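Top to bottom, those sequences are chains L and P.
Per the numbering used here, the very first residue in the first sequence carries number 28; after that it's consecutive.
Per the numbering used here, the very first residue in the second sequence carries number 3; after that it's consecutive.
Since the hints were derived computationally from the structure, they do not count as laboratory data.
Any given hint could be a false lead.
Covered by chain P, per the in silico footprint, the following chain L stretches (three or more residues, Cβ under 8 Å) [as the list claims (entries may be wrong)]:
| id | region |
| --- | --- |
| 1 | 75-85 |
| 2 | 125-132 |
Result set (DSS-like, lysine-lysine): computed pairs, CA atoms no more than 27 Å apart in a straight line [what the hints assert, rightly or not]:
| id | chain 1 | residue 1 | chain 2 | residue 2 |
| --- | --- | --- | --- | --- |
| 3 | P | K64 | L | K71 |
| 4 | P | K64 | L | K56 |
| 5 | L | K56 | P | K165 |
| 6 | L | K57 | P | K202 |
| 7 | L | K56 | P | K141 |
| 8 | P | K165 | P | K139 |
| 9 | L | K56 | P | K139 |
| 10 | L | K57 | P | K139 |
| 11 | L | K108 | L | K73 |
| 12 | L | K57 | P | K165 |
| 13 | P | K141 | P | K28 |
| 14 | P | K165 | P | K185 |
| 15 | P | K139 | P | K199 |
| 16 | P | K210 | L | K56 |
| 17 | P | K165 | L | K73 |
| 18 | P | K141 | P | K202 |
| 19 | P | K199 | L | K71 |
| 20 | P | K185 | P | K199 |
| 21 | L | K71 | P | K28 |
| 22 | P | K93 | L | K123 |
| 23 | L | K42 | L | K56 |
| 24 | P | K28 | L | K56 |
| 25 | P | K202 | P | K139 |
| 26 | P | K199 | L | K57 |
| 27 | L | K57 | P | K93 |
Note that the structure is predicted; figures quoted are calculated from it, not measured.
Note that CB positions come from ideal geometry on N, CA and C, so glycine has one too.
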Amino acid sequence: MSDTELMNLDTAGFKSWVASHDGIIIFHKKLCPHCKVMRTVLAKVKIQIPEIALATVDSEEYPEIMAEASVEHVPTLCAVKGGQVQDRQTGVFNPKETIAFYKKA
Amino acid sequence: MFDIIIIGGGICGMTAAIYAARANLKVLIVEKEVCGGLVNWTNTVENVPSYPSIHGEELMDKCRDHVESLGVEIEEVDGVEDVDFSGPLKKVITSGGAVFEGKAVIVATGRRPTPFPVQTGFPLVHYCSVCDGSPYKDKDVIVLGGGNSGFDEALYLINLGVKSIHIIEIFPECIAAASTQDKAVQSGKIKVSTSTKITKVETLPNGKAWVHLEDGANHTSYAEEVDGIFCFIGQVPNTSVFEGVLDMDGGYIKTNADMETNVPGVFAAGDVIVKKYRQITTAMGDGTIAALQADRYICG
Ligand SMILES: Cc1cc2nc3c(=O)[nH]c(=O)nc-3n(C[C@H](O)[C@H](O)[C@H](O)COP(=O)(O)OP(=O)(O)OC[C@H]3O[C@@H](n4cnc5c(N)ncnc54)[C@H](O)[C@@H]3O)c2cc1C
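So that you can see chain L by itself, here it is in the shape it has in the complex (with noise of 0.2 Å):
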């Protein structure tokens, strides 16, 4: 899976994909090298967990659902379930730890 096929949220896709989703929402930035490698691991996630949706939302571009998600630094994860943002991660973690992250949440 490449980083296109991870799908990009505005302001108001962020509210209704939060509403209809269980997965896992990278906040990230261009030209990042840790989101980078978090968007890697959410590829092997994917592979490993083929029902889990995964979105993105630029940090850059939307600060507003930044404040809106309580999220201050990039990358970070976002686990999504029942309609709301259950938990969040920062940082760099391998698969694993990911799926851990997400199955705890």
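Assemble chain P with the ligand onto chain L, guided by the hints.
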């Protein structure tokens, strides 16, 4: 089974992969994070022939596309955790549990940033201003390290709107390029203290840090409050996996001029080997030699 397994997908590993793939060898790159290595972290690269100025990540994306176009298999976000180089077939074991076998191995694992040298529970110690700089708009930070990375990153943080930066350098002089140091001083927001070290970092109830400093030249100690700390104090080689297997000097792998290590069929190249100059072009040169020599080793 692969002809060549390349451990580390930085510029060195990717260059080796291009040469090996063009020799019709079956090639695998195993990369702990994502291809590109340290160059991904460099904002502006200005010394790679044919690119007067390019962002490091953009350069590495182009390189990765080239590697992929040649049919090289790439295993990313899966680091090598163990190796068995004892037999004619070399085994490489990853943290994800995969075991790969190859006729030859090229070690191109490069280096990583030296960790912050003071034990502290303060959570806001960073190694990447692009990733972590934004929340520090209008705030005060310390940058540890007066080398090129320390000054470059400090200037980047100033561009993000950081209010003040105190660069701490343990040696009597900063080794960053004079032009970069001038730019920093001209910004009016960067203060530099040499012969100074951080001795202790305490977390304050307001979430900020109380940083204790020791000025070795004037034999004085003082402390200041900052919002965050950025650490850029050099690099250490990624060689722990090869300890006791490959000959090393100061943690760096020893090779001859053909990039051969002490183990036949195992080559090492790039920043991870004992050498004087560590640059993109020198890593490319090493990767080239390692791949050509590995091809000769395999084909006899
Ligand atoms: C701040 C900074 C700025 C720089 N700017 C320039 C510049 O402008 N121009 C220039 O020419 N040079 C520059 N350099 C130097 C240049 O980045 C290096 O010389 C070059 O990246 C070395 O390439 P490499 O492939 O040997 O190592 P690296 O780039 O370090 O790549 C090694 C790769 O191996 C991977 N790895 C490590 N351990 C394992 C493992 N166990 N399993 C699998 N994979 C592993 C790493 O994740 C990494 O991707 C700069 C260096 C720094 C630190």
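Cross-check of the supplied hints:
1. Here's how the region 75-85 of chain L fares: 0 of its residues keep a CB closer than 8 Å to some CB of chain P, so the rule of at least three is not met and the hint is violated.
2. Note: the region 125-132 of chain L has 0 residues with beta-carbon separation from chain P under 8 Å; the three-residue rule is not met and the coverage is violated.
3. At roughly 22 Å between alpha-carbon atoms, K64/P and K71/L fall within 27 Å of each other, so this suggested pair holds.
4. Restraint check: the Cα-Cα separation between K64/P and K56/L comes to about 19 Å, which is no more than 27 Å; the hinted pair holds.
5. Between K56/L and K165/P the CA atoms are separated by roughly 22 Å; this keeps the pair inside 27 Å, and the hint holds.
6. The straight-line distance between the Cα atoms of K57/L and K202/P is roughly 35 Å, outside the 27 Å bound, and the hint therefore fails.
7. Between the alpha carbons of K56/L and K141/P the distance comes to roughly 21 Å, so the proposed pair stays at or under 27 Å and holds.
8. Between K165/P and K139/P, the direct Cα distance comes to roughly 7 Å. Compliance with the 27 Å bound is thereby established for this hinted pair.
9. For the suggested pair K56/L and K139/P, the alpha carbons sit about 17 Å apart, so the restraint of at most 27 Å is met.
10. For the suggested pair K57/L and K139/P, the alpha carbons sit about 19 Å apart, so the restraint of at most 27 Å is met.
11. A C-alpha spacing of about 16 Å is found between K108/L and K73/L, which places the hinted pair at or below 27 Å, so the restraint holds.
12. Annotation: proposed proximity of K57/L to K165/P holds, straight-line Cα distance about 24 Å (limit 27 Å).
13. Using a Cα cut-off of 27 Å, the hinted pair K141/P and K28/P is violated, with the two alpha carbons roughly 52 Å apart.
14. Between the alpha carbons of K165/P and K185/P the distance comes to roughly 16 Å, so the proposed pair stays at or under 27 Å and holds.
15. For the hint pairing K139/P with K199/P, the CA-to-CA distance comes to about 25 Å; that is within 27 Å, so the pair holds.
16. In summary, the hint linking K210/P to K56/L is supported, as the alpha carbons are separated by about 25 Å, within the 27 Å threshold.
17. Straight-line distance between C-alpha atoms of K165/P and K73/L comes to about 41 Å, which puts the hinted pair past the 27 Å bound.
18. This hinted pair checks out: K141/P and K202/P have alpha carbons roughly 21 Å apart, not beyond 27 Å.
19. As the CA atoms of K199/P and K71/L are separated by approximately 42 Å, the hinted pair breaks the 27 Å bound.
20. At most 27 Å may separate the alpha-carbon atoms for a hinted pair to count; K185/P and K199/P meet this at roughly 23 Å.
21. Of the pairs offered as hints, the one joining K71/L and K28/P holds, with about 23 Å between alpha carbons and a cut-off of 27 Å not exceeded.
22. Restraint check for K93/P and K123/L: satisfied, since their Cα atoms lie roughly 23 Å apart, inside the 27 Å limit.
23. Restraint check for K42/L and K56/L: the C-alpha separation of about 19 Å stays at or below 27 Å, so the hint holds.
24. For the given pair, K28/P sits about 35 Å from K56/L by alpha-carbon distance, which is inconsistent with the 27 Å threshold.
25. Simply put, K202/P and K139/P have alpha-carbon atoms about 25 Å apart, close enough for the 27 Å limit, and the pair holds.
26. Of the supplied pair hints, the one linking K199/P and K57/L is violated, its CA atoms being roughly 34 Å apart against a limit of 27 Å.
27. At most 27 Å may separate the alpha-carbon atoms for a hinted pair to count; K57/L and K93/P exceed this at roughly 36 Å.
Checked against the numbered hints listed earlier, the structure breaks hints 1, 2, 6, 13, 17, 19, 24, 26 and 27; every other hint is satisfied.
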